[in-house]
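**Student:** Each chain, letter by letter, is given below.
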Amino acid sequence: MPSTPVSTEALLAVRGLSLAIQKTGPGRPRQVPAVTDLGFAIKPGETLALVGESGCGKSLSALALMRLLPPAIRITAGQVRFQGRELLDLPEAAMRELRGRGMAMIFQEPATSLNPVLTVGAQIGEVLLRHAALEGRNLDGRAVRERVEALLRQVGIADPARRLDEYPFQFSGGMKQRVMIAIALAAEPQLLIADEPTTALDVTVQAQILDLLAKLQAERGMAMLLITHDLGIVARMAHRVGVMYAGQLVELASREAFFQAPAHPYSQALFAALPEAVARGQRLKALAGQVPALAAMPAACRFAARCERRQPVCETEAPGLMPVGDEGGVRCHFPGPRPGSAAVEILPVPLPALPVAARPLLEIEALKVHFPIRKGFLQRVCGHVRAVDGVSLELSPGRTLALVGESGCGKTTVAKALMQLLPRSGGEVRWQGTLIEAKDKRQIQALRRKMQMVFQDPFASLNPRMRVGDILLEGMLALGVAASAEAGRPACVALLEQVGMKAEALERYPHEFSGGQRQRIAIARALAVAPQLLLCDEPTSALDVSVQAQILNLLRDLQAELKVAYLFITHNFAVVEYLAQEVAVMYLGRVVEQGPVEQVLTAPAHPYTEALLSAVPRISGGRPILRLQGETPSPAHPPEGCHFHPRCPKALEQCRNAYPPLRPLPGGVQVACHLAC
Amino acid sequence: MMSFQPVLLWTDVLLWLLLGCGVGLGIVSAHTLRQAWSRLGKNTVAMATATLLSAFLLVGLLDSLHYRERLPPAPGEVRVVYGVEVRSVLDGLLRQLREQSEKTYSAPFATRLYAKETLETPAGPVQGYPRLKYGGAHLGEHEAKRDKDVLQRAFASGVLAFLLWLGLAAGLTALLARRQGASHHETWQAIWQGETAFAWRGVLLALGGLLLVFLPMALWAGDYHVLGTDKVGQDVFYQVLKSIRTALVIGLVTTLVMLPLAVVLGIVAGYFRGWADDLIQYVYTVLNSIPGVLLIAAAVLMMQVLIDTHPQWFATAAERADLRLLALCVILGMTSWTGLARLLRGESLKLRELEYIQAARAFGVSSARIIGRHLLPNLMHIVVIALVMDFSSLVLAEAVLSYVGIGVDPSMISFGTMINNARMELGREPVVWWSLAAAFVFMFVLVLSANLFADAVRDAFDPRLD
Amino acid sequence: MLAYIFRRLLYAVPILIGVNLLTFALFFVVNTPDDMARMQLGVKHVTPEAIQKWKAERGYDRPLFWNPEAAGLARATDTIFFDKSVRMFVGDFGRAEDGRDIAREIRTRMGPSLAIALPTFLLGLCVSISLALILAFFRASALDFWGVVSCVALMSISGLFYIIGGQYLVAKVWKLVPISGFGEGLDAWRFLVLPVLIGVVAGLGSSTRWYRTLFLEEVNKDYVRTARAKGLPETRVFFRHILKNAMIPILTGVVVVIPLLFMGSLLTESFFGIPGLGSYTIDAINAQDFAVVRSMVFIGSVLYIVGLMLTDISYTLVDPRIRFE
Ligand SMILES: Nc1ncnc2c1ncn2[C@@H]1O[C@H](COP(=O)(O)OP(=O)(O)O)[C@@H](O)[C@H]1O
Ligand code: SF4
Ligand code: SF4
Ligand SMILES: [Mg+2]
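Chains as they are written, first to last, in my numbering: chain A, 1 to 677; chain B, 678 to 1143; chain C, 1144 to 1468.
Calculated from the structure, these hints are not laboratory results.
Where is the CB? At the ideal position from N, CA and C, for every residue including glycine.
Hints may be right or wrong, so weigh each one.
[Unchecked claim] Under the rule of at most 20 Å between Cα atoms (straight-line distance), these lysine to any residue pairs were calculated in the SDA-like manner:
hint, chain 1, residue 1, chain 2, residue 2
1, C, 1315, C, 1344
2, A, 441, B, 788
3, B, 908, B, 788
4, A, 439, B, 1106
5, C, 1364, A, 200
6, C, 1364, A, 60
7, C, 1315, B, 1105
8, B, 1027, A, 373
9, C, 1318, B, 1100
10, C, 1315, B, 1106
11, B, 1027, A, 372
12, C, 1315, C, 1287
13, C, 1318, B, 1027
[Unchecked claim] From chain B, some residues computed to sit far from chain A (all C-beta separations above 10 Å):
hint, residue
14, 941
15, 1033
16, 1041
17, 1106
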């Protein structure tokens, strides 16, 4: 846990900062406010976390501090004092001297934030040269190189002398982010602005990067503005917390105060929507509705439409940021703990306990999907990416099996192969005992009525050029569930109702809906053919927490109502905990551990499961830390022996040579590890 | 008995068909590309250039309704005989321009020929510039009054144009005001500042420009050669108007050949991949690797041989010229589909991995249906953009090809043949500049409008804006 | 690297064969040699004997692909296809209508073509990249707006007018350089200035606009934001980061045309009376000299394929992502 630094003088003080988007186009140019009246202060050595859902203005605020806003966005009011100087009045040249040396920034996408055609060393060295020149120092090539090497070593890159001559594409995602950090630290800034620095990374890598940031900050006494949407990261990193909603700061508090008793109804709702906050088997408390559009911001309280505590005054008068304690504040007419006192309310709607059926719905036996790697003239096959390399699973009717793993481990490939969207390279699939032949078109078509899929990205999974009604009908017509468009109409209305949408949506196009609504439509589309099994491929990972809660609740209600089984693919353990009865953990195309959720999550038997679990930042903390080194290797060249051994903190000698077989443990768990016998 | 016999030339049919297709496509895509269309409609430059292009199109279409006139019956002849010359409605409308040929060159607004001849005068034969047969003939002896006459007509038509335009603007304002229930003043303000959902401002501006230029031209053209005459004395104004159709045919009919090839092959290669992809890629690499002009030259040369050795195929010279034009379009189309096909292939490759197509495949939707319902509508913007972008380059290409001698039939009036014929005369002293200048200005306006319109289309159909 | 080039060369073979088959079909299958003879001889002289003689002189009197009358290997080689198409692979292009050896003609005409095309290409590249840089640097300003409008206007003028107008103004009215012609050695520059200048101006509009688009595509990338966040001055951001990335598509788009410079420019050469390959081609087209046109098609595609290979190689040189693959 970080301890609060002692210094009191603010390093950065923002007051009344407002930003507006300049809308051009036909007619007079208009201004749409994007951020309104933002104010906070950061002391040296302190971390302020700015939390909020996507689009609430966190990134724009950060860019505004650096004065790096895109041309369409203007600062319309406010002050930004940094080390006692007013930044908004500085000439551009002075501001440039400050960037990098006074405050530095790292961004969300390490993959695109580095210049692809310059070596990593050149990109770091550039900062050194620039700021040495500003100080009138002269740096020669040797000195730069040494300094760059030291920086790379500091951010945890092995063999820096060699790697500084490499290009960004030769680094993995986590390594690129380390390079970004080295760039940011090169000129020894007093303030580091980190905009979702780990959102694009896997949990185990995220944990490494967060550790690194915390360590560097402590070493250098640097202040940090950390932007995130993840309350777990806030709990792990921040001294103080600012919550943003719809372009406003709605709550500012110390971490302790915030996690003990969030005062703003929106902050409380964020906690309530977290799956992990709820005991298993209970309903999530989801926020209804969605964030108002920037162009149609209510003049009074912006949260009013979704607030449970709303009073008439909330819709007529805009609440100011009322001070709480010395440095806190809350923007609400009626702040305070939730009525009912507990910070998190648990609705007593337990999941119905589902019996395990005698016969499994779907059995997967040693499923393999290998993609050929082609090269050169005539496209010779010169290797295989073993995306799925012998996965066996069993799904029971009406129950949920969660498939967990980091990106690239083959989760989606399993689902696609089951849907026959990809050819299987080996293995058997049985539906209620019947072997499914990949070549038998009739059988496959029949299978498609029993099994459907929901995709990850609700923005890519609906054809932008089709009406919602046609989208829903497509599957019914193709699989003969409805004879004609007219005949399918009533079913579409019923489906929309089932997923909590109105019939009028039928005539509209996908772009008229928000992400959560689109995902509802995508679920309705899959349900249209009344499948008994739904393959859900990370259906909530592109959504904000409050919307995620809506979708998770919906999926759970649907299961209770329709007795549909789920294969739920995710990388989020909190969701597993909330939704699934069984879980299988994948690493490099193979299942390394599987079993009942209670068992696996409380007493993981495989070191990888353990590491994954401890890497997840949680608001409640409390798991012994097991950190992994490095990143997942490429499935084209999996390591010899146990695939996990190069990263495994518990690796034995025999792990290098033999892949451990999947062995049953007591309690219904199976695990593939030499340690576990 | 009809006084004329309609003649259907191939390019007429195709041009009208294309117009139908274009309108049909617009209607079909009105829903799916609604935002793009409305963005386009909002764009002042796009609507102004669209208005200009419509004017060109109107001329071209009038020039694409052909007929043969019935000849006055010869004494004793009972059969109905039609003239061998194929005319168009435009020719009919411009009969005066077409028929009032001088002997040879004459400058714009001239009353005398540009070449000296021996004139018979009472004082005996002298070398001098003879009077034109038609240009300024109404002035009679008073040739000096020409300038005044020209200016008077210009002024009159200017006033007329202004009044007409005011009428149009007022009518439009009244109509919009009634529809929206706003006051006339407000409506006019909205139009003028470009705040209407459709950029009426652009249309009005373009119409104003057209009126201001063509009303005076019309008023002069009856009695003068506004743009002079060429070597054989033909009116240059008539020639540029006739050139428009040739340019449009080249620019539009070519796409009719190219489009199906590019769309089908591009999508097949991108969606099905495998050996079909390999084959299609091979074919277009081969086609691409032959420099465009040379491939066209080779094909056109062969086509010429074919036409020249089979004179029996054509009833009239117009038909032969027309078929040659069509063949040129086909050749241009066959050699230019590769670029669009490549684009569509790449995009199809990307789209087929998208989740909505995967979702359709998960339902077992047939490939044909996926292509029709998912792929094509999402490729439409690329097709539209490519078509408008290609138009102007094809118009420019026609001029160059005709100059090189592998373009349209020399007897067919086109910008290329006009330039080709006039080019020789630059060496004359003093120069004959009007043919070139006229071709230059008309072509420039046409191509510039098309380019600006294409830019607007590209911006409006950018899917990132949806 | 050598192995790579060798693989690329192998890949070029089927394409050249395709080109060859296509041109052969175009020249000998669409129209029979008889048709060509009739056309060449004109209406008056068409007698069966004349046609036969015409064909025999040019070696068109043999079968297309397979000669059953010949013996052994000659069955395949004593054909039009072998004689006219296959032998092109070894640089034997046969004779033109005027009896001259095409291969020799091509060799002597390459020089003048290159003398025009190369300076035009290099100068045009420099000027349009510089202009595009200026427009992109001052993006979204009035300068940029009017710059783009001028580019579109320049693009809308037919190449013919650039030549006609330029010739008329510079050579005829101002009498700065000779209207046309070509000289040998150092004296040649007087003849070269105008065509080069016109070539540069004629291509300015479209290439400037294209390069500007490429630059602007880079301007909005994330790494540019990173560079700014480092505190680098705008000029450095532009010339070090943006330029370097935008040069990849520019360079590779440009490299493919370099070999084709040998072919010269049809229009410029014919207007200025330059004895290069461009005017050779035009003359051949006008004289309907099929042998020459066929040879030029073949050479053009060979050069294009060389260009493609150079492009691939230049990719590996400028783009580290490909170099290290
Ligand atoms: N360049 C831009 N032009 C117009 N709107 C923008 C731009 N960048 C961001 N926005 C809008 O500003 C709002 C805040 O965005 P952002 O700060 O990125 O949110 P966050 O970081 O909280 O996810 C969003 O509604 C977003 O759509
Ligand atoms: S001001 Fe009213 S509506 Fe807004 S958050 Fe507070 S209680 Fe809710
Ligand atoms: S088998 Fe060995 S390397 Fe693999 S997870 Fe177990 S202990 Fe670690
Ligand atoms: Mg953000």
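**Student:** Now, for every hint given, state plainly whether the structure supports it.
**Tutor:** Hints and how they fare:
1. C:1315 to C:1344: The hint holds at about 19 Å.
2. A:441 to B:788: violated (83 Å)
3. B:908 to B:788: Holds, at about 16 Å.
4. A:439 to B:1106: Violated: residue 439 (chain A) and residue 1106 (chain B) sit about 82 Å apart, past 20 Å.
5. C:1364 to A:200: holds (17 Å)
6. C:1364 to A:60: holds (16 Å)
7. C:1315 to B:1105: holds (11 Å)
8. B:1027 to A:373: holds (18 Å)
9. C:1318 to B:1100: holds (19 Å)
10. C:1315 to B:1106: holds (11 Å)
11. B:1027 to A:372: Status holds; Cα separation ~19 Å.
12. C:1315 to C:1287: Status violated; Cα separation ~34 Å.
13. C:1318 to B:1027: Outside the cut-off at roughly 57 Å; violated.
14. 941: At about 20 Å from chain A, residue 941 (chain B) clears the 10 Å cut-off, so the statement holds.
15. 1033: violated (4 Å)
16. 1041: Contrary to the label, residue 1041 (chain B) does not stay out of reach of chain A, its closest Cβ about 5 Å off (not over 10 Å).
17. 1106: Consistent with the label, residue 1106 (chain B) stays out of reach of chain A, its closest Cβ about 53 Å off (over 10 Å).
Violated hints, listed in ascending order, are 2, 4, 12, 13, 15 and 16; each of the other numbered hints is respected by the structure.
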